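Each chain, written out:
2 protein chains.
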Amino acid sequence: MKKVLIAYRLKPEGLTAFNENYEITLPKDKSYFTKEEILELIPEYEVFVPNFSFYTDKEIMDRGTKLELISNFGVGFNNIDVEYATQKGIAVTNIPNTTTEPTAEFAFALLLGAARRVGYYDRKLRTPEGVSWGVYSESGLSVYGKTLGIIGMGRIGQSLARRAVASGMHIIYNNRNRLAESIENQYNARYVSKEELLKTADYISLNAPSTPETYHLIGEKEFNMMKPTAIFINTARGDLVDEKAMAKALKDGRIWAAGLDVYDNEPHILPELLVLDNVLLAPHAGTKTVEDRIAMSEEMVQNIVGFYEGTYPVSRVN
Amino acid sequence: MKKVLIAYRLKPEGLTAFNENYEITLPKDKSYFTKEEILELIPEYEVFVPNFSFYTDKEIMDRGTKLELISNFGVGFNNIDVEYATQKGIAVTNIPNTTTEPTAEFAFALLLGAARRVGYYDRKLRTPEGVSWGVYSESGLSVYGKTLGIIGMGRIGQSLARRAVASGMHIIYNNRNRLAESIENQYNARYVSKEELLKTADYISLNAPSTPETYHLIGEKEFNMMKPTAIFINTARGDLVDEKAMAKALKDGRIWAAGLDVYDNEPHILPELLVLDNVLLAPHAGTKTVEDRIAMSEEMVQNIVGFYEGTYPVSRVN
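These protein sequence lines are chains A and B, in that order.
Going by the working numbering, the first residue of the first sequence is number 870, and it counts up by one from there.
Going by the working numbering, the first residue of the second sequence is number 870, and it counts up by one from there.
Watch out, some of these pointers could steer you wrong.
Pairs count within a copy or across copies, as identical chains cannot be separated in the list.
[Stated by the list, open to error] Okay, derived cross-link-like pairs now, EDC-like style, lysine to aspartate or glutamate, Cα gap no bigger than 16 angstroms in a straight line: (1) K1113 - E906; (2) K993 - D1146; (3) K872 - E1089; (4) K1090 - D1111; (5) K1117 - E882; (6) K935 - E909.
Source of the hints: derived by calculation from the structure; they are not laboratory data.
On a predicted model such as this, the values are computed, not experimentally measured, just so you know.
When you get a sec, could you build the whole thing from the sequences and use the hints?
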């Protein structure tokens, strides 16, 4: 019998892969356990499904003396001190399969929405001043025929590229490693330096993981390289971007617009961003659909059951 | 020399195809001429580029005794009494080429935006109450893997289908005439009755023209046929829908959401719609980008020059 502590109140529909070998604890009367509650509960558990609102750090792992597995409910795992887990012999898993399509879908929703001013129109039409219905006033920018620069051309980046190509976009990308030519050809994608991407793309989407190497990958210098008509999309992680520099670039019109799903200090959003009309804001909702969250639960549970019983493939990150 | 009266203040960048054979009048100090101004000016002109905010009716055409051509600045021409123009021997043209991609792009922006609650999140995050960042709370619906029913599978419908297929959607459609199999195969699209479409589609998009046959094509009966999770998109024309019935279906949760760009009485939007959280509203912005409006102007001018000089193809509607 393995005891599993799940930080979130996940729906039972997504937990059906558990069998009688597992005893599950999850919050009953609220959305998630706090760090204090986790610290109190963790000593009894072999498996932990951690939060995103606080870091699963040394303290939690040291208290969790029975811990064997941390099964993350997400593809990004910057909410876990993986290095320390590895030192302690604790396995860490993530869920890359069920998160790919919804995240790329949401990135494209933000790209189209920021370009075509979907959020702005909806918001303004509900106010007394409304929106002008004139031919050119309060216009958006078109997407068709434009160049999308993707930084981080993994599964999600490629899934976004597939959508963008069908919408008439040209793809350039930057990645740690250049992709195989056969993959590039699928999207007619051209590998370029980060600098060339920033200078020539009409749309720039971050789809890279949060790592020490990607911390503040985009700051004042990078925003200054972009076209004044550039539209910047971040559905990856907030710490890839210097938020103060981004807010300034948007406020000063150094770039044309942004679509943002992630922030440096979630759920806190910089007050400067909240008042800008050229930014489309979302609450880390890249995978936030009922169907996708259930599918993600299934994948997360299968990582646990697969880890112990070998009955499912397991996505290990350490 | 032909005198051309343009109801809108279009940018000169889109009017370069005119040559010395044309004398152009457009509003100098405001966005568009009123009907009264048009009635006063029209007797002098051979060519008229009409408004969308009022109908180009018998009165205008009877006063325009020199009129030879009405060159519409849009693909839909329900703003013109085409039958009367035909009777009077006045040619009418429209612009189907430059309007296709932007309109399909915007329809897809509204589809993704309504499903993934892009407008709702952006609006709520800017208010003091904000949005919950929990796993399931205030979730959207996913698009990937779902069925899109397209009513009106012409150029715009097909352009929308191309985007939807790349986003993992399955396509069913209803149209006056079934398309050639070769076109159906491009989108793996299945021709179905209107009733089957309404009952089985997860997303329903109107892409048909406004004609006497399509007036109130979707009303209470049709909304009652839809799934409770259906998302309804209208970027065609407002009079295809019984708006009161739609507002009620949305308010009662008979359908899940709507994305609307067009209304029965533009620029007026039903007050009932303005207060609903499950509707994404836009101000007839299907082609509203700087680049697209310039390209549309070019196509519209080429219809005029082509009509008189044969130097461009002309899209006649009568």
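Now the hints, each set against the structure:
1. Taking CA atoms no more than 16 angstroms apart as the test, K1113 paired with E906 passes in neither setting, with 33 angstroms inside one copy and 50 angstroms between copies.
2. Taking identical chains as interchangeable, the C-alpha atoms of K993 and D1146 lie at most 16 angstroms apart whether they share a chain (10 angstroms) or sit on different chains (14 angstroms).
3. In this assembly of identical chains, the alpha carbons of K872 and E1089 never lie at most 16 angstroms apart, being 47 angstroms within a copy and 52 angstroms across copies at closest.
4. In this assembly of identical chains, K1090 and D1111 lie within 16 angstroms of each other by CA distance solely inside one copy; the values are 10 angstroms within and 52 angstroms between copies.
5. For the identical chains of this complex, K1117 and E882 are neighbours neither inside a copy (44 angstroms) nor across copies (31 angstroms), given an alpha-carbon limit of 16 angstroms.
6. Proximity of K935 to E909 under the C-alpha cut-off of 16 angstroms is restricted to the intra-copy arrangement: shortest distance 13 angstroms within a copy versus 87 angstroms between copies.
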